[in-house]
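Student: What follows is the residue order along each chain.
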Amino acid sequence: MPRYGIAIDTTKCIGCHACRVACQNQNDLPVHEEFNRIVERERGVFPSFSKEFVPLQCNHCKDAPCERVCPTGATYTSDEGVVLVNTKTCVGCKYCIEACPYKMRTMDHGKGIVVKCRMCIELVREGGTPACVSTCPTQVRIFGDLDDPTSEISRFIAEHRAQPLRADLNTGPRIYYKRS
Amino acid sequence: MERSGFISSAVKRLVTGPPLYYAWVLALLVTAVVGVIAYTAQLKQGLVVTGMTSFVSWGLYIGNFTFLVGVAAAAVLLIIPAYLYEFGPIKEIVIVGEALAVSALMMCMMFVTADLGRPDRIWHLIPGLGILNLPSSMLGWDIVVLNGYLFLNLFIPGYILVRAYQVKEVNMKFILPFILLSIPWAVSIHTVTAFIYNGLAARPFWNASILAPRFLASAFCSGPALIILLFQVVRKYSKFHVKDEALFKLAEIVAVAMAVNLFLAAAEFFKELYSDTHHLAPLEYLYWGFHGKGSLVPWVWTAMAFNIAAFVIFLIPKTRKNFVTLNLGAVLIICGIWIEKGMGLIIPGFIPSPLGRVWEYVPTTIEVLVSMGIWAIGLLILTLILKIIIPIETGEFTRAGRVAA
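Chains A and B, in that order, give the protein sequences. Under this note's numbering, read the first sequence as residues 1 to 180, first letter to last. Under this note's numbering, read the second sequence as residues 1 to 405, first letter to last.
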């Protein structure tokens, strides 16, 4: 089985929010629910400073805190390493939202349950890539198999020493960032 | 035959009372109905009608829940001196304390249910029918310990009262193990509730080992403070006798608990302020405001002032033994701990978000109405329980008495 992940090169991100739009569209999300978020940051001090766009999404952690805290076991990790929510057993207690270090889970108020990025698993299983990856005009995101050392993503991570966000929390995130 | 006799005379006791009793029950009923109507609106439209967002996803409901778990746990405080040290004056009031614990637990469960997005799926939490994710989910453990505690607090006074109703001696050999078990169990309900927040590594405000001890210390303040007020009401309107000595003893325990609570708060302040890491941000938000936002600042300083004032009142024997100042202190503590351990604990845990964003939370009218409704239902349960058990405890309501009448 592959173990999917995404590498993000923030130095290429122009902040166009196309990935966000593609994500909203793919998952049929209203404006206030987001699986994909772009954070704008300032780096450095005047006169040598720059703006950085950091795209955020579920990190599909290996030891996902959201999965651990779920009282009904509704959150689970698929064989491909994708963290998913069973929409039939979620009771909407929101404990997983508190546990997520990235705050990348949100409430579907219509259904009363917690929803999140699924790495577009239905597209991936048909041989495609997640919507945020394929839509990006500057190819910021690289999607692939982290277990395959010859895959584009594995080579990218090795070459640029890409790191996950908040690796100190020991959750084993599967989204890697090249930030300089 | 006999059971129906008990039920009909119990119902008769519930519907008869002085005008003040009717007014009190009516007021509670009206508030409860308003709460139910507000909750219906929430059920229809979902949690979007609350002030909770993906950033601050727990609010007023869980704040009240946390406060009430403390109140429920405080019943143990009455049991320890009563049974272990044979402190007579408290012994007779244990049952009333347990009635308070039962109604507090009922309110806890209602508050948690109100916070759920899909309350109709609550059966998923029953092992066997659904999957209760043990041992990894702290929320799963909390469901286990809260229900166990509810059982103990129904079973122990239930047994004692049935014996009293039948005018028989209580078999201490049978009931004592349950009473002793309820002591660590009371500690466990509050510890596990603290662990719900405590175990989240990405929330530095909660991820401090001082949280569970501080929970217990503040529970030992607010619980007895409520009980002090409750007993004065009970002894005024019934033949149930509570010695002043017992109330003063409780006040003394509150003084010690508040000293510990304030000390632990000071320890937390020192650690965060002196080390001055980015973990300081939630504390800064709570007490001084952060990035221009600080809607909790006036609340938390009020709580601080109330707690310190009450501590002084309960510490000095002269003010502790004067009913005017004693009651003032009890009210100050209840308000102070409610703020500190409700909104003051839950909200700053989310602010700022782990990646630095600041979002504030303000409860909506619907949330406030639902919360008031739950409090009204809880107080109604308490009133009705006391209306039945106090006459049994005082010997006014027994099988023999009923047969004679």
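By construction, these hints were calculated from the structure, which means they are not laboratory data. None of the values given here were measured: they were computed from a predicted structure. Mixed in with the good hints there might be a few duds.
[As the list claims (entries may be wrong)] To spell it out: a stretch of chain B is covered by chain A in this simulated footprint if at least three of its residues, at any positions, have a beta carbon under 8 Å from a beta carbon of chain A; those stretches are:
#, stretch
1, 43-52
2, 55-67
3, 122-128
4, 135-143
5, 198-205
6, 308-314
[To be verified] Simulated DEER-style distance windows between Cβ atoms:
#, chain 1, residue 1, chain 2, residue 2, range
7, A, Lys62, B, Ile175, 45 to 51 Å
8, B, Pro135, A, Asn170, 28 to 34 Å
9, B, Pro135, A, Ser78, 55 to 61 Å
10, B, Met372, A, Leu123, 45 to 51 Å
11, A, Gly172, B, Leu273, 50 to 56 Å
[Unchecked claim] In silico DSS-like links for lysine-lysine, alpha-carbon gap of 30 Å or less:
#, chain 1, residue 1, chain 2, residue 2
12, B, Lys387, B, Lys168
13, B, Lys321, B, Lys12
14, A, Lys88, B, Lys44
15, A, Lys51, B, Lys293
16, B, Lys249, B, Lys12
17, B, Lys168, B, Lys271
18, B, Lys249, B, Lys44
19, A, Lys103, B, Lys318
20, A, Lys12, A, Lys51
21, B, Lys293, B, Lys243
22, A, Lys178, A, Lys12
23, B, Lys236, B, Lys293
24, A, Lys111, B, Lys44
25, B, Lys387, A, Lys103
26, B, Lys44, B, Lys236
27, A, Lys88, A, Lys103
28, B, Lys321, B, Lys173
29, B, Lys293, A, Lys103
Quick reminder that beta carbons are idealized off the backbone N, C-alpha and C, glycines included.
Student: Examine the stretch 308-314 of chain B: at least three residues should have C-beta closer than 8 Å to a C-beta of chain A.
Tutor: violated (count 0)
Student: Hey, Lys321 of chain B versus Lys12 of chain B, does the alpha-carbon distance stay inside 30 Å?
Tutor: violated, 38 Å
Student: Regarding the pair Lys387 of chain B and Lys103 of chain A, is the alpha-carbon distance no greater than 30 Å?
Tutor: Roughly 48 Å between the alpha carbons, so the hint for Lys387 of chain B and Lys103 of chain A is violated.
Student: Using the C-beta atoms of Lys62 of chain A and Ile175 of chain B, is the stated range 45 to 51 Å upheld?
Tutor: The hint (45 to 51 Å, Cβ to Cβ) holds, given that Lys62 of chain A and Ile175 of chain B are roughly 50 Å apart.
Student: Please check whether Met372 of chain B and Leu123 of chain A have a Cβ separation lying inside 45 to 51 Å.
Tutor: Taking Cβ atoms as reference, Met372 of chain B and Leu123 of chain A lie about 48 Å apart, which means the hint holds.
Student: Quick check: the stretch 198-205 of chain B, covered by chain A? Criterion 3+ residues, Cβ under 8 Å.
Tutor: holds (count 5)
Student: Between the alpha carbons of Lys236 of chain B and Lys293 of chain B, is the straight-line distance 30 Å or under?
Tutor: violated, 47 Å
Student: Quick one, are Lys44 of chain B and Lys236 of chain B close enough, alpha carbons at most 30 Å?
Tutor: This hinted pair is violated, its Cα atoms lying about 44 Å apart.
Student: Are the Cα atoms of Lys51 of chain A and Lys293 of chain B separated by 30 Å or less?
Tutor: holds, 24 Å
Student: Compare the distance between the alpha carbons of Lys293 of chain B and Lys103 of chain A with 30 Å, and conclude whether the hinted pair is satisfied.
Tutor: Holds, because 20 Å separates the two Cα atoms, which is no more than 30 Å.
Student: Are 3 or more residues of the stretch 135-143 of chain B near chain A, judged by a Cβ distance of less than 8 Å?
Tutor: holds (count 6)
Student: Would the hint linking Lys168 of chain B and Lys271 of chain B be met if the CA-CA limit is 30 Å?
Tutor: violated, 56 Å
Going down the numbered hints, you'll see the structure goes against 6, 8, 9, 11, 13, 16, 17, 18, 19, 21, 23, 25, 26, 28, while the others check out.
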